[in-house]
Amino acid sequence: MYKIAVAGTGYVGLVAGVCFAEVGHQVTCVDIDEKKVELMRSGVSPIYETGLEELMANNYSAGRIEYTTDFKSAYKDADAIFIGVGTPEQPDGSANLSYIATVARQIAESVEKDCLVVVKSTVPVGTNDKVEQIIQDFLVKDVKVEVASNPEFLAQGSAVHDTLHAERIIIGTESKWAEELLTKIYEPFHLPIVSVNRRSAEMIKYASNDFLALKISYMNDIANLCELVGADIQDVAMGMSFDERIGSKFLNAGIGFGGSCFPKDTKALEYIAKQNGYELKTVKAAIDVNKEQKTMLYKKASKRLITFNGLKVAVLGLTFKPGTDDLREAASLENVPLLLEQGADIYAYDPVGAENFAKVYPEGKNGRGSITYVANIEHALEGANVCFVFTEWGEVKAITPETYKKLMRTPLVYDGRNIYGVEDMQEAGVEYHSIGRKPATRAAVKESKNLELQNS
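For the sequence shown, this note's numbering gives the first residue as 4, with consecutive numbering after it.
Hints may contain errors.
[As the list claims (entries may be wrong)] Below, in silico cross-link-like pairs of lysine to any residue (SDA-like), each with a Cα-Cα straight-line distance of 20 Å or less:
1. Lys-116 x Gln-93
2. Lys-39 x Tyr-51
3. Lys-284 x Phe-214
4. Lys-267 x Leu-283
5. Lys-409 x Ser-373
6. Lys-144 x Gln-109
7. Lys-133 x Thr-298
8. Lys-324 x Glu-358
9. Lys-287 x Lys-303
10. Lys-302 x Gly-313
11. Lys-400 x Gly-160
12. Lys-6 x Ser-64
13. Lys-324 x Glu-398
14. Lys-267 x Ile-207
15. Lys-38 x Ser-48
16. Lys-284 x Val-128
17. Lys-267 x Phe-214
18. Lys-267 x Glu-381
19. Lys-147 x Ala-111
20. Lys-277 x Asn-388
21. Lys-267 x Tyr-102
22. Lys-187 x Val-197
23. Lys-270 x Ser-203
24. Lys-400 x Asn-379
25. Lys-324 x Lys-277
26. Lys-408 x Glu-381
27. Lys-218 x Glu-230
28. Lys-277 x Lys-400
29. Lys-39 x Glu-69
30. Lys-270 x Asn-379
31. Lys-38 x Gly-89
32. Lys-133 x Gly-89
33. Lys-133 x Leu-157
34. Lys-362 x Glu-381
Note that these hints are calculated values from the structure, not bench results.
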């Protein structure tokens, strides 16, 4: 087993550190925030991630993981140091590498033995070369330090599972020594290892994420066309899924992708291409489609209602996906301000994301409108004039069509995740609009009721 240090305790760093400890390595997680470190020492995760706190507690009590702000003590005798700090998007779409550069210098000034530095953060192609140069420029001791690329492919909400049961481990190295050491570190995971050079590893991360983003935007584009021609996107997706070349994953139409990866990585790769005098037309199209898709439901509802002024609007789901408290690039952040500008009185429900959302939009009066955070869905729906579904939480899926009909003043639902069956909503007497499927309009609902009366 190896002595490992991990720089950064966000989704990438903390999950990696805990999983390394879980397979038997001795791990020290480093963060500059003392309060965050104390929180983790007490067994509380600073991020919402399924199964993470349990593994944190087990490995902390077993003495396999510790948390500190003292990077010098963590780095000085580590066999490998994994960098998992953020690379936030800058206004021009490029990645901010300042946190990576800071950690690289700290490593150079701290290590006292031969060490492998492994960059897990998503970085532009060529960044690992720069990291190695920074370390060589500031290296204090006469020791060997090499840099490797090891991008993560976890999905928020299932990050622990995705790390322990990854489909593959990508390692990018420039020497046999680095390749063998990193391979041995991952040996206890018993997972397929793909060994390439550093630049290829960096590109694999972007190429993988952007391909999935393309797939999502393509299906959303097709969904919009389905509505116009009378096709059903779910039937279309099902028919496509039987083709092994296409597969069944990432075929669900909706109101676009969000989170920390796809939006940032598509823009970053587009920027990298521009810097090299090349235009990635497909990636640009994915970005453009996603931007339009985010407010698709709002535009539909605006045509139907004309104004939201003084209306009670139920919003179900605030996070970009279920299973996480992450709001980055969430559809709610695009739509809620539009509703508030119109004077809507929003009643928002999210099982874990409300606290974070309230930091952006505090409860109470916001501009012309207002927002109230509720602990249960029924409270949000009661007396509502319209309901928007932005996140497919299990709690939202559990709400029956009849509940909308019973509780809402006007049973009018705009579903951005295609949770419900059109016919089910129609039979319950709910006017229902989704993505890529025919709506259950008020006329259709009336017609359905008339048929029921005729047949009774």
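Do the hints match the structure? See the list:
{"no.": "1", "hint": "Lys-116 x Gln-93", "result": "violated (35 Å)"}
{"no.": "2", "hint": "Lys-39 x Tyr-51", "result": "holds (14 Å)"}
{"no.": "3", "hint": "Lys-284 x Phe-214", "result": "holds (13 Å)"}
{"no.": "4", "hint": "Lys-267 x Leu-283", "result": "holds (15 Å)"}
{"no.": "5", "hint": "Lys-409 x Ser-373", "result": "violated (24 Å)"}
{"no.": "6", "hint": "Lys-144 x Gln-109", "result": "holds (13 Å)"}
{"no.": "7", "hint": "Lys-133 x Thr-298", "result": "violated (39 Å)"}
{"no.": "8", "hint": "Lys-324 x Glu-358", "result": "holds (16 Å)"}
{"no.": "9", "hint": "Lys-287 x Lys-303", "result": "violated (25 Å)"}
{"no.": "10", "hint": "Lys-302 x Gly-313", "result": "holds (18 Å)"}
{"no.": "11", "hint": "Lys-400 x Gly-160", "result": "holds (17 Å)"}
{"no.": "12", "hint": "Lys-6 x Ser-64", "result": "holds (17 Å)"}
{"no.": "13", "hint": "Lys-324 x Glu-398", "result": "holds (13 Å)"}
{"no.": "14", "hint": "Lys-267 x Ile-207", "result": "holds (15 Å)"}
{"no.": "15", "hint": "Lys-38 x Ser-48", "result": "holds (12 Å)"}
{"no.": "16", "hint": "Lys-284 x Val-128", "result": "holds (19 Å)"}
{"no.": "17", "hint": "Lys-267 x Phe-214", "result": "holds (13 Å)"}
{"no.": "18", "hint": "Lys-267 x Glu-381", "result": "violated (35 Å)"}
{"no.": "19", "hint": "Lys-147 x Ala-111", "result": "holds (11 Å)"}
{"no.": "20", "hint": "Lys-277 x Asn-388", "result": "violated (46 Å)"}
{"no.": "21", "hint": "Lys-267 x Tyr-102", "result": "holds (16 Å)"}
{"no.": "22", "hint": "Lys-187 x Val-197", "result": "holds (13 Å)"}
{"no.": "23", "hint": "Lys-270 x Ser-203", "result": "holds (19 Å)"}
{"no.": "24", "hint": "Lys-400 x Asn-379", "result": "holds (13 Å)"}
{"no.": "25", "hint": "Lys-324 x Lys-277", "result": "violated (30 Å)"}
{"no.": "26", "hint": "Lys-408 x Glu-381", "result": "holds (12 Å)"}
{"no.": "27", "hint": "Lys-218 x Glu-230", "result": "holds (19 Å)"}
{"no.": "28", "hint": "Lys-277 x Lys-400", "result": "violated (42 Å)"}
{"no.": "29", "hint": "Lys-39 x Glu-69", "result": "holds (13 Å)"}
{"no.": "30", "hint": "Lys-270 x Asn-379", "result": "violated (37 Å)"}
{"no.": "31", "hint": "Lys-38 x Gly-89", "result": "holds (18 Å)"}
{"no.": "32", "hint": "Lys-133 x Gly-89", "result": "holds (17 Å)"}
{"no.": "33", "hint": "Lys-133 x Leu-157", "result": "violated (25 Å)"}
{"no.": "34", "hint": "Lys-362 x Glu-381", "result": "violated (24 Å)"}
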